[in-house]
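> In order, the protein sequence lines correspond to chains A and D.
Per the numbering used here, the very first residue in the first sequence carries number 1; after that it's consecutive.
Per the numbering used here, the very first residue in the second sequence carries number 1001; after that it's consecutive.
Hints listed in this document are in silico derivations from the structure and should not be mistaken for laboratory results.
Treat the hints with care, as some may be off.
These stretches of chain D come out as covered by chain A in the derived footprint (C-beta under 8 Å, 3 or more residues) [said to hold, decoys possible]:
| id | region |
| --- | --- |
| 1 | 1076 to 1085 |
| 2 | 1089 to 1101 |
DMTMM-like cross-link-like pairs, simulated, lysine to aspartate or glutamate; straight-line CA separation at most 25 Å [said to hold, decoys possible]:
| id | chain 1 | residue 1 | chain 2 | residue 2 |
| --- | --- | --- | --- | --- |
| 3 | D | Lys1041 | A | Glu91 |
| 4 | D | Lys1041 | D | Glu1085 |
| 5 | A | Lys112 | A | Asp58 |
| 6 | D | Lys1041 | A | Asp81 |
| 7 | A | Lys112 | A | Glu131 |
Far from chain D, by Cβ distances over 12 Å, these chain A residues were calculated [claimed, not checked]:
| id | residue |
| --- | --- |
| 8 | Arg12 |
| 9 | Ala22 |
| 10 | Ala23 |
| 11 | Ala52 |
| 12 | Ala54 |
| 13 | Leu66 |
| 14 | Asn78 |
| 15 | Ala84 |
| 16 | Leu89 |
| 17 | Glu119 |
| 18 | Val123 |
| 19 | Gly134 |
| 20 | Ala135 |
Beta carbons: idealized from backbone N, C-alpha and C, even for Gly.
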Amino acid sequence: MSERSIVAFCCRECAYAAADAAANARTALPPTVRLVLMPCTGRVSPLHLLTALADGADGVMVAGCLEGQCHYREGNFNAIDRVAFVQRLLESVGVEPERCRMFTMSAGEPPKFVAAVKEMDRVVGALPRLERPGAPAAAAPAGARGAA
Amino acid sequence: MPLTSRGRELLLRVPAERLRSTVGVGCEIVRHDELCVGCGKCAAACPSGASRRGETFDVRQLLDAPADSRRGALGAALRRLALHEPDGLIEVPARVTVFRTIDFDAERCLGCGACARGCPADAIEARPPEVPS
C-alpha cells in the first residue's frame, strides 16, 4: 500500500496549521502523503494538480479552509471549482476523478486533517497505480513548476 | 469603442445578414483554437455578438496545444495521463473563468478585428480584405 504517493496542497492558514498541530501531538500520518505548503488554496491551479499526477503522484488533494472562512475571502471557493474542473478533465480522458479531491477544515481541527489524509490514502490505495500511457519511458519525476 | 450593455442588446436584435451587409468591415477572422486560453476577451470585445463565451470546454483544445503555447505545459501533463481520446465537451464550474470554448458565429461577424486586438494569446488572426489596385 505504501508505494502509492499522494500530494496534499495545504493552505497555510488552516490545513497546514492543522497538520502542524497533528504532528506536534505525534499523530501518525500515512507515509504516502507529501505536504505542499500553499499561501491559500486559491493559488492552486489545474497545472499544479495535473503536473503532480503526470510526474508520479497517484492522487492529489487540496486542503483548505472551511467554506466562507478563507483568510483571503474566497480562495477556497476558487479551489473547489478548479478541483471539480480537474476531476472532469481527468474523467474525460479516462482517469478516475477520485484521484483529485478537495477537503476543508479549520486550523483547530487536526483530527479532521488526519481523517482527510487517511480517507485519501484509503481511496487511492484501493485504486490501481496511476498509468501514464502518454509519458516517455522511464521519465524522472520532476517538480510541479510554472503557471497556467 | 466598447459598447454599453444596452447597445449590445440592441445590436444583437439585428438579423445577421443585415448586420454584415450594412456595417461589415471585411477582415477575414481566423481562429486558432489550439492557442485559445478561453478567457473570453474576444467575446467581451465583439460588437456584434459573433464571438460568445460558452459554458463548456472542449478538452481536445487543451491536448492539441503546442508545447510552447500558454497551455502547453498543462496540455502535455494531461496528454501523459490520457488513457483515451477525450469524450467531448465538459461543463466548466462558474469560478473557473478561463477554459471556455468560444462559440464563433461567422454569420454575425463584421470582420472588424476587435477580437484579434483583444486576444492575449494571439489565437485570432484578422486578415485584412484584399484592396483592388
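> When the hints from earlier in the document are held up against this structure, which numbers fail?
Violated hints (numbers, rising): 3, 4, 7, 11, 12, 14, 15, 16, 19, 20; every other hint is consistent with the structure.
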